[in-house]
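If you read the protein sequences in the order shown, they are chains U and W. Note that my numbering gives residue 77 to position 77 of the first sequence, counting from 1, and the numbers run on in steps of one. Whatever position you read off the second sequence (first residue = 1), add 219 for my numbering.
Be careful, since some hints might not be right.
With a straight-line Cα cutoff of 16 Å, these simulated EDC-like cross-link-like pairs (lysine to aspartate or glutamate) come out [unchecked claim]:
id: 1; chain 1: U; residue 1: Lys-218; chain 2: W; residue 2: Asp-338
id: 2; chain 1: W; residue 1: Lys-258; chain 2: W; residue 2: Asp-336
id: 3; chain 1: U; residue 1: Lys-218; chain 2: W; residue 2: Asp-336
id: 4; chain 1: U; residue 1: Lys-218; chain 2: U; residue 2: Glu-73
id: 5; chain 1: U; residue 1: Lys-179; chain 2: U; residue 2: Asp-123
id: 6; chain 1: U; residue 1: Lys-68; chain 2: U; residue 2: Glu-16
A few chain U positions that, by computed beta-carbon distances, are all more than 12 Å from chain W [claimed, not checked]:
id: 7; residue: Ile-2
id: 8; residue: Ala-7
id: 9; residue: Arg-18
id: 10; residue: His-21
id: 11; residue: Leu-28
id: 12; residue: Tyr-29
id: 13; residue: Ala-31
id: 14; residue: Thr-33
id: 15; residue: Gln-72
id: 16; residue: Tyr-80
id: 17; residue: Leu-115
id: 18; residue: Ser-122
id: 19; residue: Lys-126
id: 20; residue: Lys-151
id: 21; residue: Ile-161
Cβ pair distances, simulated, as ranges [said to hold, decoys possible]:
id: 22; chain 1: W; residue 1: Gly-332; chain 2: U; residue 2: Phe-215; range: 14 to 22 Å
id: 23; chain 1: W; residue 1: Ile-250; chain 2: U; residue 2: Phe-114; range: 19 to 27 Å
id: 24; chain 1: U; residue 1: Ser-83; chain 2: W; residue 2: Ile-257; range: 22 to 30 Å
Calculated from the structure, these hints are not laboratory results. Don't be surprised by glycine CBs; every beta carbon is placed ideally from N, CA and C.
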Amino acid sequence: MIQRTIALFRKDMLLEWRQLHTFYGILLYVAATIFVIYLAMDSSPNANTWNSLFWVIQLFVCVNTVAKSFLQEGRGRMLYFHSITAPEEFILAKLLFNALLMLIMNIVSLGLFFLFLGNPVSDSFKFLAISMIGGISLSLVFTVMSAIASKAQHNAALIAILGFPVILPNLLLIMRLSKTAFAEIFDAGAVWQLTGLVLMMDVLVIVLSIILFPFLWKD
Amino acid sequence: MDVPRLFILNETIRNLYFHVCMWFAMMILFIVSLVYSIKYLRTGSIQQDISASQFAAVGVLMGLLGYITGAIWANYTWVTDQGQSLAAVLKEPKLIGAAIALLIYGAYFVLRGSFTDIDKRARVSAVYNIFAFSMLFPSIWIIPRLVGSLHPGSPGSDSGNPALNYNDIDSRLRLVFYPAIIGWTLLGVWIATLRIRLNQIADKELIK
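Chain U on its own, in the form it takes in the complex:
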């Protein structure tokens, strides 16, 4: 099972590699959005604004990055996958691939944020780690939403409608957690409690997607 998951994961990587223009498209989207914010701001924003802007951008980048993961698979190709793999392997590969893609976008946009909007973060490595955890959570939830929305018509708009309320509690937790990197004082143990909570939510998403995806899969 792990073998086949990895094979599917590699297939996604290969597809992405062969269609690098979509990848560059998303990179351009990230860069353009952050540049617009840079132009719209008179001076570099304070820590709070910086943090909220960063996560809002991450949210939209994630919708754009992950949304296409199920849309690009045509009907015929889905039937082919259906005949050669189990649904659990398929969704695991997708989750893994999207998490990786989101991590790359995360690092790129963090670099651009530092470049254009200054660096109000007091502990950059801590913020990097938190943003990676956050990026993975975002990508996991939106992968499942993409799988659900791909079954309906008008799916691109549907992903945002379905996903935003579901991701909100998670996003609030992550935004709160990322404030530790801005030297905000937390209660003893609260940081680990929040991190644990975010990771637990990730595990929950993965388990749920493994349980529920087989029902989406068969048509």
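Since the structure of chain U is already known, use the hints to place chain W on it.
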């Protein structure tokens, strides 16, 4: 009937009979909807899907009523009595949780509306219902316990329950409170069963 007079709450404590009970009813109805969604995925019978969607719809109705009664109450206690601004009140963790719950079920109905195929609609929306419910409810139950708020029962309450401090509830309140939970829930169930029966008649040919 007389009620205990607490600081700030005073007579508004009677809102316990409406607001709190409506939230209870909403949660119970959403749980019922979840159970029907799981049953649908197990059996594949459209009847379960109708029940799931109608219980969710009535849950949303209860949620809206709970929101309105909460807003009226907050207007007299937080906004006028304590001079809180509306923006601060809206950032209450419990209000955010409630708003997310209503948004999720709003999205559920949008999702249902975007299908033409009945079986597909039932299956995909059941999946979304289960997924969204399991993402939402841990956060509704956990997050308010992590952060402080204005809500009664919250700041430094020993009971650990964010919305309700059991030590504050007087037995005079309990006398109405517990039957009111049952009553509002049963009212919701009754409305839901009416709607389910209506739908069953409308889709008679589909259900064999």
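field: Violated hints, by number in ascending order, as checked against the structure
entry: When the structure is compared with the hints, numbers 2, 20, 21, 23 turn out to be violated.
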